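The sequence shown begins at 3 in the working numbering and counts up one residue at a time.
Hints listed in this document are in silico derivations from the structure and should not be mistaken for laboratory results. Values in this document were obtained by computation on a predicted structure and should not be read as measured data. Watch out, some of these pointers could steer you wrong.
With a Cα cut of at most 30 Å, we get these calculated DSBU-like pairs of lysine-lysine [unchecked claim]:
hint, residue 1, residue 2
1, K63, K41
2, K51, K11
3, K50, K64
4, K41, K70
5, K74, K63
6, K11, K74
7, K70, K50
8, K41, K58
9, K74, K64
10, K51, K64
11, K75, K64
12, K64, K41
13, K63, K50
14, K11, K75
15, K70, K51
16, K70, K11
17, K58, K11
18, K63, K11
19, K51, K41
20, K70, K58
21, K74, K58
22, K51, K63
23, K50, K11
24, K58, K75
25, K11, K64
26, K75, K63
Here are the simulated distance ranges between beta carbons [said to hold, decoys possible]:
hint, residue 1, residue 2, range
27, Q10, G46, 25 to 31 Å
28, G61, D35, 21 to 27 Å
29, C90, D13, 30 to 36 Å
No residue lacks a Cβ here, since even glycine has one placed at the ideal position from N, Cα and C.
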Amino acid sequence: PLSEELAQKCDPIQIIANILNNAAWLVTNNASDIDEIEKAASLGLGLKKPLFDTAKEIGVKKIVEELKELSKKHGTFYEPDPLLLSMC
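Sequences and hints are given; from them, build the entire structure.
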């Protein structure tokens, strides 16, 4: 089980940034489009708000900055996708 102490160390922006970056990668690489990703996120993840709308609410720039920090710490997997960069 997840302790309260460990849960407090979790940064939800990092989680959302990672999900969005992977979703953007799918669009950039023509594997899907935003509408299909939104439908999958709603049905598969149970998200109540569209993923890319959530990104705009949080701030795409903030998400990109978080991804850049994650990339510095953990490698190129976290480099922001060009789609996210274009949305800043």
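Cross-check of the supplied hints:
1. K63 with K41: holds (24 Å)
2. K51 with K11: holds (24 Å)
3. K50 with K64: OK: K50 and K64 at ~21 Å, within 30 Å.
4. K41 with K70: Satisfied, since the Cα-Cα distance of roughly 27 Å is no more than 30 Å.
5. K74 with K63: Roughly 17 Å separates the two Cα atoms, so the pair holds.
6. K11 with K74: holds (19 Å)
7. K70 with K50: Measuring from Cα to Cα gives roughly 27 Å; hence the hint holds.
8. K41 with K58: It holds: about 18 Å lies between the C-alpha atoms, which stays within 30 Å.
9. K74 with K64: With Cα atoms ~16 Å apart, K74 and K64 stay inside 30 Å; holds.
10. K51 with K64: holds (19 Å)
11. K75 with K64: holds (17 Å)
12. K64 with K41: Since the Cα atoms of K64 and K41 sit roughly 24 Å apart, the hinted pair holds (cutoff 30 Å).
13. K63 with K50: Holds. K63 to K50 sits at ~22 Å (cutoff 30 Å).
14. K11 with K75: Measuring from Cα to Cα gives roughly 16 Å; hence the hint holds.
15. K70 with K51: holds (25 Å)
16. K70 with K11: Holds - the C-alpha atoms of K11 and K70 are around 19 Å apart, at most 30 Å.
17. K58 with K11: Measuring from Cα to Cα gives roughly 24 Å; hence the hint holds.
18. K63 with K11: The hint holds at about 22 Å.
19. K51 with K41: Holds - the C-alpha atoms of K41 and K51 are around 11 Å apart, at most 30 Å.
20. K70 with K58: OK: K70 and K58 at ~18 Å, within 30 Å.
21. K74 with K58: holds (24 Å)
22. K51 with K63: Roughly 19 Å between the alpha carbons, so the hint for K51 and K63 holds.
23. K50 with K11: holds (24 Å)
24. K58 with K75: holds (25 Å)
25. K11 with K64: holds (19 Å)
26. K75 with K63: Given pair K75, K63 holds - Cα atoms ~19 Å apart, limit 30 Å.
27. Q10 with G46: 25 to 31 Å: holds (27 Å)
28. G61 with D35: 21 to 27 Å: holds (23 Å)
29. C90 with D13: 30 to 36 Å: Cβ of C90 to Cβ of D13: about 20 Å, so the range 30 to 36 Å is violated.
Of the hints listed earlier, the one the structure fails to meet is number 29.
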